[in-house]
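Asks: Heads up: the sequence shown is residues 1149 to 1777, going by the numbering used here.
All clues given are correct.
In the BS3-like style, the derived pairs of lysine-lysine whose C-alpha atoms are separated by at most 25 Å in a straight line are:
(1) K1461 / K1507
(2) K1207 / K1242
(3) K1183 / K1591
(4) K1591 / K1290
(5) K1591 / K1526
(6) K1242 / K1178
(7) K1437 / K1655
(8) K1235 / K1220
(9) K1591 / K1736
(10) K1333 / K1290
(11) K1736 / K1207
(12) K1333 / K1284
(13) K1507 / K1569
(14) K1178 / K1235
(15) K1246 / K1178
(16) K1186 / K1591
(17) K1186 / K1290
(18) K1207 / K1246
(19) K1186 / K1220
(20) K1678 / K1655
(21) K1334 / K1284
(22) K1635 / K1736
(23) K1183 / K1290
(24) K1207 / K1186
(25) K1507 / K1605
(26) K1333 / K1186
(27) K1290 / K1334
(28) K1242 / K1220
(29) K1569 / K1655
(30) K1507 / K1526
(31) K1207 / K1220
(32) K1333 / K1235
(33) K1655 / K1461
(34) K1507 / K1655
(35) K1186 / K1736
(36) K1761 / K1678
(37) K1220 / K1178
(38) K1736 / K1178
(39) K1183 / K1334
(40) K1635 / K1655
Keep in mind the hints are simulated off the structure, nothing from the lab.
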Amino acid sequence: MRYARAVAVICLLALGACREGSGVRVAHLKFNGVKAVKVGQLSSVLATGQSSRLPWGTKRYFSRDQFEADLKRIVAFYRDRGYPDAKVTSFDVKLNQKQDAVDLTLNIDEGQPVVVENIEYQGFDVVPPAHFNGLKARLPLKVGAPLDRALAQATRETALDEVKDHGYPYASVTLTDRNGSSDRKKILTLQASTGMQARYGPIEISGNSSVSDHVIQRQLTYRPGGLFRLSQLQDSQRRLYDLETFQFANIEPDTREGDQSPIVPTKVTVTEGKHRKVNFGVGYGSEEKARTTIDWRHVNFFGGARTMQFQGKYSSLSRGVRANFKQPYLFSPRYSLTATGEVWHDDEPTFVLNTQGGKLAVQRQLARAGPLSQRSAKTTLSLTYTHEYEDYTVTPAAVADPTFRPTLIALGLDPRTGRAKGLLSSLDFDLQRTTADNLLDAKHGYVATVHLEQAGKVLQGAANFLETTLEGRYYLSVGNLAVFAVKARGGSIRPWGNIDANVPFFKRYFLGGATSLRGWGRFEVSPLEKGLPIGGLSQFESSAELRAPVWGNLSAVAFVDAGNVWPTAWDINVNDLRYDVGPGLRYKTPIGPIRVDVGYQLNRIDGLVVNGKPEPRRWRVHFSIGQAF
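Please work from the sequences and hints to get the whole structure.
Replies: Okay, here's the thing in structure tokens:
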């Protein structure tokens, strides 16, 4: 047979090479005919793998036993995903001239899938109609899709979680299938058996030593006597982890088989971690250049799971020290209090800012509806009071130009020094709702934020303005191939009395840089005066990216940015935007993707002065860690 002959040839060569101490290296492993699944997923289940192309990378060698087993694994992989007739029709072997490396090409015929024709539900009357419709919409296995075994199991577990979330801890759900209109179509039946409805009973806590039972109990979102809901147990467990005090936290209901009591006790088991934590960090970015950070935290400060944190940072853009104190429980487990004090220095392209003062914030975490099997939507409200003394100076180029003095005066700056100082006393309201799976590298979901800041008036201080900002981000997985990400952000600052000097210069809007309008450098997009950016009171920016994997942890990005800044409040004009496009690369790491972007301006800003000279370049290179948005 062709399989046996080809495998035998490779093995004979491998045997000879192994005697010389090297072996036959798998230089390339390719697949033809793979359309229904990700090639990366298929490769991950195989023992035979492709060697790294990097000289210092991992080398993978051919093994006959592993390769023959992989041929069976491919068939099993497809069968589990609803393709029972899939097979490896042939494979091609190409040895290099030295006969120490081989290129393997597997030719696969996926065949026709077995698809889900319909899903029937029985025994779900206890689930309210709105929740039942939501359950059907979010089931992993969809009508018309191949009958994937893993998705079928996830579908059964999702349905079970929904029933348990309505007071039925003893519920069970079975999933069966029968032939539909043809042997390639299946009708699935989800059958729920609810068992007895129950309420919470006594709470047993174990494993804690320095953290009291009271601190743990107040993080729980359920109480004895309340109707049993699975989502409350899972939410309570998340809250215990959020304290950062516990290395392990688990909440289990006592639902022993055969004993369906209307009262369900729960057991909370925790393992305390280290209360004092120190983190050091170093990094480099095209804007900050070299940076170093230090973070010291005590996550059980004077007991009560309070957090005391000291942060230090040094880079070319910002440096200083900051202290944070967090009280995790305020009135209820959904409220927290944070106090911050800082001495900070910012060195931006258009100004230098020194800040001394602090903030006091109250945050409320809104309920996450539904169990973990439902994509959670996290909603956060916060109210922050800021009391900071600000001392800032604009770029020396503006001060050196005598014709610039009227502008400095209008902006509330000393025309001789370009300096201003005063108290910023403001009240901020922030609302954020997110369903994104990972804010560092999101694949699906959205983030929506609203920000309002009122400075001055009854709060006193040198600044008097009202700022409104809206932002939305959306992430969509495009099949198994890529992620499409979009962002839009708009904002306006209204100075009271329509006096520009009531808005501190450092609060004015600037665009351009690694995260906005990447065709320009940091803070280069704004209204100009004598070629120098002076900021504005209205802004709009948007971006769209297509992120596609290339090889291993490396992915490529194509992006387009649009936006601008206007001089007066609520003066956004979408017909007056700056545009840029460009490619980028991402390399996935444990701390987030390493990012390189090259932005090219589609419409230049005439008269822009950078570093004292007219700026001729239409492109910028940005290097950083984390996605642009």
